[in-house]
Amino acid sequence: MSIAQIKAKIISNQRLNGDYGDLEFESGIIAEQANPGQFLNVRVADVFEPLLRRPFSIHGVKDSKVRILYRILGKGTQALAERKPGEFLDIIGPLGNGFDYQPIAKSEKAKSILVAGGMGVAPLVFLAEKLKNTKPLVLIGARTKNEIICAQEFEASGCKLGLATDDGSLGFHGQVTDLLKTILEKTHPQAIFSCGPQAMLKALCEIGLKNGIDTQLSLEEHMACGLGACLGCVVLTKSGHKTVCKDGPVFTEGELIW
Amino acid sequence: MVKQVKPNLSIKLGALELKNPVMVASGTFGYAQEFKDFIDFKKLGAIVTKTITVKPRQGNLTPRTCETPSGMLNSIGLENPGIEKFIQEKLPFLHKLGIPVVVSIAAEENPDEFVALAQQLDLLAEVSAIELNISCPNLAKNKLISQDAEDTLALTSAVRKVTSKCLIVKLSPNVASIPEIALAAQTGGADALALINTLSGMSIDVYKRTPKLGSWVGGLSGPAIRPVAVRMVWEAYNKIKIPIIGMGGIMDIESALEFFLAGAIAVSIGTANFINPQTSLEIIAGLQQYMLDNNMQNLTQLIGRLKACQG
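Chains as they are written, first to last, in the numbering used here: chain A, 2 to 259; chain B, 13 to 323.
Simulated from the structure, these hints should not be mistaken for laboratory data.
Be aware that one or more of the hints could be misleading.
[Stated by the list, open to error] With the Cβ distance kept under 8 Å, some of the chain A side facing chain B (calculated, not the full set):
hint: 1; residue: S3
hint: 2; residue: A5
hint: 3; residue: Q6
hint: 4; residue: P51
hint: 5; residue: L53
hint: 6; residue: L232
hint: 7; residue: V235
hint: 8; residue: E256
[Claimed, not checked] List of simulated lysine-lysine pairs, DSSO-like, C-alpha gap at most 27 Å:
hint: 9; chain 1: B; residue 1: K155; chain 2: B; residue 2: K173
hint: 10; chain 1: B; residue 1: K48; chain 2: A; residue 2: K66
hint: 11; chain 1: A; residue 1: K247; chain 2: B; residue 2: K108
hint: 12; chain 1: A; residue 1: K110; chain 2: A; residue 2: K182
hint: 13; chain 1: A; residue 1: K76; chain 2: B; residue 2: K224
hint: 14; chain 1: A; residue 1: K203; chain 2: B; residue 2: K220
hint: 15; chain 1: A; residue 1: K131; chain 2: A; residue 2: K161
hint: 16; chain 1: A; residue 1: K76; chain 2: A; residue 2: K136
hint: 17; chain 1: A; residue 1: K76; chain 2: B; residue 2: K220
hint: 18; chain 1: A; residue 1: K243; chain 2: B; residue 2: K224
hint: 19; chain 1: B; residue 1: K48; chain 2: A; residue 2: K243
hint: 20; chain 1: B; residue 1: K54; chain 2: A; residue 2: K247
hint: 21; chain 1: B; residue 1: K153; chain 2: B; residue 2: K67
hint: 22; chain 1: B; residue 1: K251; chain 2: B; residue 2: K155
hint: 23; chain 1: A; residue 1: K247; chain 2: B; residue 2: K97
hint: 24; chain 1: A; residue 1: K239; chain 2: B; residue 2: K67
hint: 25; chain 1: B; residue 1: K224; chain 2: B; residue 2: K155
hint: 26; chain 1: A; residue 1: K63; chain 2: A; residue 2: K10
hint: 27; chain 1: A; residue 1: K133; chain 2: A; residue 2: K187
hint: 28; chain 1: A; residue 1: K76; chain 2: A; residue 2: K110
hint: 29; chain 1: A; residue 1: K110; chain 2: A; residue 2: K66
hint: 30; chain 1: B; residue 1: K224; chain 2: A; residue 2: K203
hint: 31; chain 1: B; residue 1: K97; chain 2: A; residue 2: K243
hint: 32; chain 1: A; residue 1: K211; chain 2: A; residue 2: K187
hint: 33; chain 1: A; residue 1: K203; chain 2: A; residue 2: K247
hint: 34; chain 1: B; residue 1: K220; chain 2: A; residue 2: K146
hint: 35; chain 1: A; residue 1: K8; chain 2: A; residue 2: K76
hint: 36; chain 1: B; residue 1: K67; chain 2: A; residue 2: K247
hint: 37; chain 1: A; residue 1: K247; chain 2: B; residue 2: K173
hint: 38; chain 1: B; residue 1: K54; chain 2: A; residue 2: K8
hint: 39; chain 1: B; residue 1: K153; chain 2: A; residue 2: K243
hint: 40; chain 1: B; residue 1: K54; chain 2: B; residue 2: K108
Here the structure is a predicted model, which is why all the values come from computation and not from measurement.
Yeah, the Cβ is synthetic: ideal placement off N, Cα and C, and Gly gets one too.
Produce the complete structure using the sequences and hints provided.
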């Protein structure tokens, strides 16, 4: 596997409901190598303001087309939303380790649960596609119903869905980790795959340890290089500092020190 | 049509010869292997490693980076594996690249560590030059060595005594007079100066009411600091005789040319490695083209060749 810096042609850049966007570009080299949980470091525009690249999870791959999902929150994602089909996007990737999902994908009996918090759905849609033979359960949590996204995409991969909102506007009223706890009273999955805010991942880590379930957590940190060079995005693990961008972004429940 | 001669890009820093004057700056290029999949290292003039200390260092609290207007703050805190592991695990890869390797070093507690590190590196054929990082703003110290002319002179002389390798001293812009410090490093026996390290800065998240960096204060880099860096290179150039490696927000050939015209013999690419890792290679090509277009055969026709504004 090798990392490429490419100029990729934008195929489409659609505004979804609310502040969300879905951008598709053409790149055989990234499509061929991409693993769920890996990400791309994208130069949103050929300007120096905003300066740094922005990391986005690989949201989906179809033939030589790759998708990223984004939410317009600042200058970077605003600039990305303004990019047009036919334009070229400077992308470095695929980056990071990705989820270790092969053991689950190979066994049809394997039960796994995917837990997403807010934008954490981005890499899990790609993972669900790879795991569709095993029909994983997908739990999505968000503050409110408008922030629950991609539910249909998971259903298209044959996943069962559980939803949770902090305000109770859709699904379970409360944290998605509390919804998970109620589910674990009845079932014992082989693995949990997750992506979302730090507080959610920390809670999942404890759940994984307590219940003896292999739990993979995709972390987010401020990044500069995305390559493991600047050491800006380190997290503390049992074997010292590791970079989220290169050693991660996926870590297991046993290795992180919170 | 007159046949154009390919311009000569080679330069000398003390006894060290570089085939071209474009290097990558410490801390922004790791130990090179992180970029191996998509950078043609052989074209670079030299590579400067991430700063090495005697013992392994954990570095500072996260968040360690944040974006600022046309720039970024960082406070990594010199995280590195220490000199022994560096020599065993990082140096062999760097050596194989076939380009000069400049090893950046720093002391954690006592300036004597600089001397010990230099002594150790002096014995290694794989090391082409030593850069003294006496200007890292992220070490929770009240005063940096490069913020005091006497300290800069003393340290540079002490290291000069233990190594015959090319000795580069990297200076801080957080001083009242850069020529004064530059002169001290020259008197101490430096072969070249690296100008500038990052500017001390701070950024605040007003919604959380917290600093954006875990260590509160960090070093500002990127295009935002370029005018400061160009000014300091020009000021130092007018006071000292030894070569200056200019850096600070170089993003493309135009910004690199500013430094050459201000008096730098070489340039170092830092933050741009995060935005476009090809920047240094593009600058080498751009420099060649600029010299061709302006009928320059060698860099002396470019370095410091500033004209006053035409009124």
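Hints, verified against the model:
no. : hint            : result
1   : S3              : 4 Å, holds
2   : A5              : 6 Å, holds
3   : Q6              : 5 Å, holds
4   : P51             : 6 Å, holds
5   : L53             : 5 Å, holds
6   : L232            : 5 Å, holds
7   : V235            : 6 Å, holds
8   : E256            : 17 Å, violated
9   : B:K155 x B:K173 : 24 Å, holds
10  : B:K48 x A:K66   : 25 Å, holds
11  : A:K247 x B:K108 : 23 Å, holds
12  : A:K110 x A:K182 : 22 Å, holds
13  : A:K76 x B:K224  : 17 Å, holds
14  : A:K203 x B:K220 : 21 Å, holds
15  : A:K131 x A:K161 : 15 Å, holds
16  : A:K76 x A:K136  : 38 Å, violated
17  : A:K76 x B:K220  : 19 Å, holds
18  : A:K243 x B:K224 : 21 Å, holds
19  : B:K48 x A:K243  : 20 Å, holds
20  : B:K54 x A:K247  : 24 Å, holds
21  : B:K153 x B:K67  : 18 Å, holds
22  : B:K251 x B:K155 : 24 Å, holds
23  : A:K247 x B:K97  : 19 Å, holds
24  : A:K239 x B:K67  : 19 Å, holds
25  : B:K224 x B:K155 : 23 Å, holds
26  : A:K63 x A:K10   : 15 Å, holds
27  : A:K133 x A:K187 : 22 Å, holds
28  : A:K76 x A:K110  : 45 Å, violated
29  : A:K110 x A:K66  : 31 Å, violated
30  : B:K224 x A:K203 : 22 Å, holds
31  : B:K97 x A:K243  : 16 Å, holds
32  : A:K211 x A:K187 : 15 Å, holds
33  : A:K203 x A:K247 : 20 Å, holds
34  : B:K220 x A:K146 : 25 Å, holds
35  : A:K8 x A:K76    : 21 Å, holds
36  : B:K67 x A:K247  : 23 Å, holds
37  : A:K247 x B:K173 : 40 Å, violated
38  : B:K54 x A:K8    : 23 Å, holds
39  : B:K153 x A:K243 : 26 Å, holds
40  : B:K54 x B:K108  : 10 Å, holds
The structure is inconsistent with the numbered hints 8, 16, 28, 29 and 37, although it conforms to all the rest.
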